[in-house]
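Student: One-letter residues, chain by chain:
Protein chains: 2
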Amino acid sequence: MSGNESSAAHRRLNILLNHLNNEEDNNPKEWRTLSPSQCLTICTNRDRKWNGYGYKDTVFKFDERGTAFSTGNRYPNFSSKEFHELRPWLEQTLRINLKTVCPAQPNIIELASPNVNHEFYDAIKPQGIMISFAEQDRLSHGHGISTAEIYRLRHGNFTRIPDAVVWPESHEQVETIVRAALKFNVGCIPYGGGSNDVGALECPEENEKRMLVSLDMRQMNRILSLNRENMYVVVEAGAIAQDLEKELRKWGFTLGWDAEMLEFCTVGGIASLRSNDIKRNMNGDLEHSIINFKMVTPAGTMQRSGIHTSPISSGPNFQLLFGTEGTLGVITELALKIHFFAPRHYYVSIYFPSFHNGLLFLREIVQKNIIKFSSARLVDEAGLQLVNAFNTATPTIKSVFSEVIKKYYLKKIKKLEAGKMCLAAILLDGHDIVKLKGYEKKIDEIGKQYGGVIAGSDLGERMFFVSKRLPYLRDFLLDYYAISDRLDATASWSNVEVLVEKVKEAITNVCKTQGIRPKPYIGARIDHIYDTGASITFTYGFNSRNLNDPLSVLRLIEQVALVEILRSNGSVSHNTSGIGKRKKECFRESLSEPVVKVLENMKQYVFIY
Amino acid sequence: MSGNESSAAHRRLNILLNHLNNEEDNNPKEWRTLSPSQCLTICTNRDRKWNGYGYKDTVFKFDERGTAFSTGNRYPNFSSKEFHELRPWLEQTLRINLKTVCPAQPNIIELASPNVNHEFYDAIKPQGIMISFAEQDRLSHGHGISTAEIYRLRHGNFTRIPDAVVWPESHEQVETIVRAALKFNVGCIPYGGGSNDVGALECPEENEKRMLVSLDMRQMNRILSLNRENMYVVVEAGAIAQDLEKELRKWGFTLGWDAEMLEFCTVGGIASLRSNDIKRNMNGDLEHSIINFKMVTPAGTMQRSGIHTSPISSGPNFQLLFGTEGTLGVITELALKIHFFAPRHYYVSIYFPSFHNGLLFLREIVQKNIIKFSSARLVDEAGLQLVNAFNTATPTIKSVFSEVIKKYYLKKIKKLEAGKMCLAAILLDGHDIVKLKGYEKKIDEIGKQYGGVIAGSDLGERMFFVSKRLPYLRDFLLDYYAISDRLDATASWSNVEVLVEKVKEAITNVCKTQGIRPKPYIGARIDHIYDTGASITFTYGFNSRNLNDPLSVLRLIEQVALVEILRSNGSVSHNTSGIGKRKKECFRESLSEPVVKVLENMKQYVFIY
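Same order as they appear, the protein sequences are chains A and B.
Using UniProt numbering, read the first sequence as starting at 1 and increasing by one per residue.
Using UniProt numbering, read the second sequence as starting at 1 and increasing by one per residue.
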């Protein structure tokens with residue numbers, strides 16, 4: 001990774017040109033920097049909402065007839081579509097009222113001026129490292145996308161934000177930054193795609209007098225080499241997973257991840273969370289696809305060895321470093337396994353009479369290992385309502401009629417009751433669509449044992465994409481006093497059902513004591529299945545109109561749910577979202593004392609959050 | 001793991017009874033113990049050779065006609081079989097001479113009396129922990145099965161051996177031992193199956209004045225629970241893998257490892273090496289099948305969490321602990337993933353015109369992911385000779401004739417030359433033998449692209465079992481001045497061939513400068529294949545008759561080979577055998593400085609070797 005100076009300069013120039021050609025960026029709200037000429041070259045997050053999830057061009061709205069629709073043209077099956085069943089469902093479930101709105105604050109309010117450590121600045125500046133003290137850069141780097149963070153942004157309740165943002169362009173620049181931070185007592189917060197959901201990007205407020213710097217890795221996004229013989233790619237850690245995936249597909253390869261899910265994530269961010277939001281049933285766990293890495297730590301640069309090449313190394317496995325969420329160091333480079341891209345996809349979906357039966361079905365699918373699938377999911381009755389609310393078909397007399405017939409068939413013939421019915425979906429990837437469709441029969445055979453009824457490929461596909469677009473719905477609901485959030489967990493097969501029940505019960509009870517009316521929406525979804533168990537994502541929402549402090553209530557719900565997960569022998573994260581600051585306490589509780597000691601020893605210097 | 005006192009007592013009683021009924025054990029050479037009544041209850045390694053590999057009942061011999069045969073009835077395809085082609089091949093390759101023998105010393109020679117730390121003894125004795133100071137226990141625990149160790153045993157060159165052996169019966173007893181060792185400055189060496197190949201069980205000689213204790217885990221071999229719903233078994237770490245596998249098969253399950261390969265290994269030993277000698281192409285890497293563990297460290301007991309149950313935990317992955325080979329602590333309990341046992345097996349073997357072509361074939365098999373196989377191997381031309389030397393068929397006129405035809409066919413029709421020809425074999429496991437045999441056609445299609453010719457299922461099976469029985473041949477050869485050893489490595493696909501050539505060249509050269517005649521035997525075998533590369537085992541042998549110090553030459557060969565592996569960007573172990581004391585220096589060299597610091601920090605107390 002020897003810095004190619006001229007190419008870095010070229011890249012900087014390109015960014016600058018793009019910037020000058022972009023109307024919107026010509027008038028940044030305020031540039032309060034020590035070196036404007038430098039930071040002007042950097043555009044970050046300018047196409048994303050400053051106080052909401054995702055792209056500026058994509059929002060939910062109600063049209064004049066009260067039909068929900070989404071803007072933009074970014075996402076197939078979603079952008080510029082109408083969702084006829086969404087409003088009635090939201091009115092019923094969360095009692096939203098189109099006339100009672102709670103809009104977000106439209107502009108950034110004045111922020112405190114940055115706390116600048118001049119020794120640190122003088123140490124990194126001569127190295128040509130890009131740095132910005134601009135308010136909008138600092139603000140956009142001071143939060144992730146959790147509901148609490150977005151809520152605070154919408155209401156102007158800014159907590160402390162980073163004092164500066166740095167954009168290293170090489171491994172050596174990261175080393176310079178980390179060394180300087182250590183020497184001059186500056187706190188560093190590594191920043192990847194900015195889509196962290198567990199408060200990892202929040203700055204500590206209390207007792208923190210040091211300058212805090214956000215270390216944005218996205219300028220380091222080069223593909224360093226693609227090795228087709230040994231099937232791996234070496235890439236800088238700041239590359240956006242989705243961009244890397246697009247490049248790889250040109251060559252017939254894939255990372256094997258569900259790249260669409262990771263629209264903002266950098267590969268370094270994914271690795272540091274050992275995030276499993278991937279097609280792991282096909283391609284294995286993410287962490288096992290990391291065959292080498294470079295990580296800058298306070299003690300120096302760590303790597304498996306000089307060699308990316310051999311498939312398994314001698315001695316201990318350094319996967320301990322993954323999942324530490326940037327607290328031990330900054331990943332700058334990764335060698336990642338690649339797979340041949342399978343261009344055909346087919347979804348199979350099946351209704352089940354109960355969540356219990358759906359679970360038995362999924363367990364058999366994964367443990368018996370008969371069908372080669374990429375991903376399998378299950379939504380409970382509440383989750384199924386949500387999937388149905390995202391139906392984009394315009395109701396016609398014919399479709400309404402066929403819906404009635406379908407309901408009658410499911411209820412009378414198949415004994416599936418609307419209030420209890422669940423939906424499972426399986427994603428198949430391969431080279432031959434006929435072969436993939438052929439699996440449907442095998443899946444149906446297993447499904448039938450548990451009262452399953454095949455429900456069509458479109459519905460399966462919708463089930464998968466709905467979960468990806470929920471953050472947009474979450475922000476939309478905030479406009480109508482409805483607050484929603486999510487929480488992930490894992491459990492062994494024998495515990496899944498009881499854990500789901502207990503968590504739902506706990507959330508329902510705490511909402512009741514907090515005076516929330518109507519009772520909250522709580523959906524459970526199985527996202528990933530293993531031989532030994534499954535991961536579960538809870539999605540919950542409630543009407544906050546009569547609450548004084550909705551965020552404390554949200555926090556209370558989360559705490560109660562986390563305690564219930566631990567009590568039910570679950571694990572408090574599936575590493576999809578991570579631990580972060582949000583689940584810190586209960587994570588520590590679930591570790592044995594020597595494990596905590598090992599981690600503390602590895603850390604040595606408390607300078608990276 | 002609360003100690004069940006009465007069952008432990010019952011077990012002790014059974015061991016005692018067995019001991020009293022066993023003629024051979026009634027007259028141990030010498031019992032020099034502080035508490036004979038206790039240690040009398042313990043029989044360890046009594047059915048194994050004291051100065052060679054494996055069981056006493058299994059040895060190679062030449063009969064009066066000079067035909068090699070093996071004794072015993074333990075191993076199918078091997079025990080009590082004649083190997084007609086073995087002697088001629090050994091005579092030609094290693095110039096062994098039936099009349100020039102170098103027999104092993106038959107009896108244990110007087111050893112130094114043990115260095116007893118009485119405070120340590122007084123701390124563990126009242127807890128009912130079994131301890132022995134008997135010479136044969138100490139000796140049998142003071143070595144593994146590497147050629148150097150066996151050679152020293154055969155010639156009475158004992159290095160320092162442990163001063164005592166302890167057999168804990170529970171996690172709590174291990175905690176007591178480790179605490180006492182720490183408090184009273186005693187060195188501990190964890191002992192599993194005793195089949196370590198890299199000197200892990202050797203005692204350090206220089207500057208080590210402390211009492212050294214071997215901690216034999218094999219009394220802790222209970223299956224604590226079998227969870228069929230969540231597909232895992234919880235077992236004490238001292239259980240022999242093969243015994244556990246037998247129990248699991250009664251219930252229709254398997255560990256998914258090649259248990260026969262692990263005839264002496266404990267599951268704790270395997271985990272501490274993260275040994276990959278398993279059917280990993282079917283069931284994944286061993287380390288990923290560890291879903292929870294307990295490890296006693298100087299800092300206390302470490303475990304993933306209180307929960308074995310959830311499939312993936314939050315935060316970092318503690319697989320770092322596996323592969324540390326007992327240096328960080330003693331594993332006492334493991335929760336291991338299990339699989340449904342596939343009762344049918346089928347081997348496919350294919351000749352290839354060169355090692356190069358065989359490698360291309362294996363790479364395509366693993367990367368294209370078309371066939372579901374358990375294991376795949378490739379032997380080079382020298383390895384093929386070795387496989388052929390293990391032919392157990394008695395030569396008849398008919399068989400000789402068909403052999404001639406076969407050779408003609410391979411040479412003239414298929415252009416396969418005897419001196420360059422290699423053999424690949426693939427093991428298929430499943431439920432339906434017809435289906436498995438059906439894969440042969442697919443494999444043949446891929447093989448043909450690289451000039452492959454199907455060679456029959458029997459030959460494939462022989463290729464797999466030969467490697468398992470080589471340690472018996474190794475000992476047999478020592479009787480005739482022929483010294484052989486093995487070394488494993490990994491490399492990326494693009495490096496395998498050059499690494500193999502370089503290592504062979506280096507060994508050949510060093511043998512030449514050491515005056516070894518004839519030139520050494522060197523065989524290379526691909527054992528495991530990954531998307532990104534493969535593991536290689538080198539087996540080499542030479543005639544030592546005119547050498548003054550054969551062990552130094554053996555060490556020199558090894559050093560030269562290890563350097564060549566590192567130079568060729570290989571990794572110096574596939575974790576099948578591990579690093580141990582044998583490869584310590586070159587392992588350290590291949591780590592980055594912060595990684596060494598992390599390991600040293602984790603260790604904290606240098607008391608476990």
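Fair warning: there could be bad hints in the mix.
Where chains are identical, the list cannot tell them apart; a pair therefore holds if satisfied intra-copy or between any two copies.
Result set (DSS-like, lysine-lysine): computed pairs, CA atoms no more than 27 Å apart in a straight line [claimed, not checked]:
| id | residue 1 | residue 2 |
| --- | --- | --- |
| 1 | K56 | K407 |
| 2 | K437 | K183 |
| 3 | K415 | K81 |
| 4 | K581 | K442 |
| 5 | K435 | K372 |
| 6 | K368 | K246 |
| 7 | K81 | K372 |
| 8 | K435 | K448 |
| 9 | K448 | K61 |
| 10 | K448 | K581 |
| 11 | K368 | K435 |
| 12 | K250 | K368 |
| 13 | K368 | K441 |
| 14 | K448 | K81 |
| 15 | K502 | K407 |
| 16 | K442 | K415 |
| 17 | K435 | K125 |
| 18 | K411 | K99 |
| 19 | K442 | K407 |
| 20 | K372 | K502 |
| 21 | K246 | K407 |
Derived by calculation from the structure, the hints in this document are not laboratory data.
A quick note: this is a predicted structure, and the numbers were derived from the prediction, not measured.
Student: So, for every hint listed, does it hold in this structure?
Tutor: Right, here's what the structure says about each hint:
For the homomeric pair K56 and K407, neither the shortest alpha-carbon distance inside one copy (39 Å) nor that between copies (73 Å) is at most 27 Å. For the homomeric pair K437 and K183, neither the shortest alpha-carbon distance inside one copy (60 Å) nor that between copies (66 Å) is at most 27 Å. Proximity of K415 and K81 under a CA criterion of 27 Å is satisfied in neither setting, with 33 Å inside one chain copy and 65 Å between copies. In this assembly of identical chains, K581 and K442 lie within 27 Å of each other by CA distance neither inside one copy nor across copies; the values are 44 Å within and 52 Å between.
In the homo-oligomer, the alpha carbons of K435 and K372 lie at most 27 Å apart both inside one protomer (11 Å) and across protomers (17 Å), since each shortest distance falls under that limit. Taking the shortest Cα distances, K368 and K246 sit within 27 Å of each other only across copies (21 Å), while inside one copy they are farther apart (34 Å). Taking identical chains as interchangeable, the C-alpha atoms of K81 and K372 are never at most 27 Å apart, the minima being 33 Å within one chain and 43 Å between chains. For the identical chains of this complex, K435 and K448 are neighbours both inside a copy (21 Å) and across copies (25 Å), given an alpha-carbon limit of 27 Å.
Taking CA atoms no more than 27 Å apart as the test, K448 paired with K61 passes in neither setting, with 41 Å inside one copy and 61 Å between copies. For the homomeric pair K448 and K581, neither the shortest alpha-carbon distance inside one copy (44 Å) nor that between copies (57 Å) is at most 27 Å. Taking CA atoms no more than 27 Å apart as the test, K368 paired with K435 passes in both settings, with 20 Å inside one copy and 17 Å between copies. In this assembly of identical chains, K250 and K368 lie within 27 Å of each other by CA distance solely across copies; the values are 18 Å between and 35 Å within a copy.
Taking the shortest alpha-carbon separations for K368 and K441, both the intra-copy value of 16 Å and the inter-copy value of 25 Å come in at or below 27 Å. For the homomeric pair K448 and K81, neither the shortest alpha-carbon distance inside one copy (34 Å) nor that between copies (53 Å) is at most 27 Å. Taking identical chains as interchangeable, the C-alpha atoms of K502 and K407 are never at most 27 Å apart, the minima being 30 Å within one chain and 71 Å between chains. In this assembly of identical chains, K442 and K415 lie within 27 Å of each other by CA distance solely inside one copy; the values are 22 Å within and 45 Å between copies.
For a Cα distance limit of 27 Å, the shortest separation of K435 from K125 qualifies neither inside one copy, at 58 Å, nor across copies, at 66 Å. Taking identical chains as interchangeable, the C-alpha atoms of K411 and K99 are never at most 27 Å apart, the minima being 37 Å within one chain and 88 Å between chains. For a Cα distance limit of 27 Å, the shortest separation of K442 from K407 inside one copy, 25 Å, qualifies, whereas the shortest one across copies, 46 Å, does not. Taking CA atoms no more than 27 Å apart as the test, K372 paired with K502 passes in neither setting, with 33 Å inside one copy and 40 Å between copies.
When the C-alpha separation of K246 and K407 is checked against a cutoff of 27 Å, the pair qualifies neither within a copy, at 41 Å, nor between copies, at 51 Å.
Checked against the numbered hints given earlier, this structure breaks hints 1, 2, 3, 4, 7, 9, 10, 14, 15, 17, 18, 20 and 21; the rest are met.
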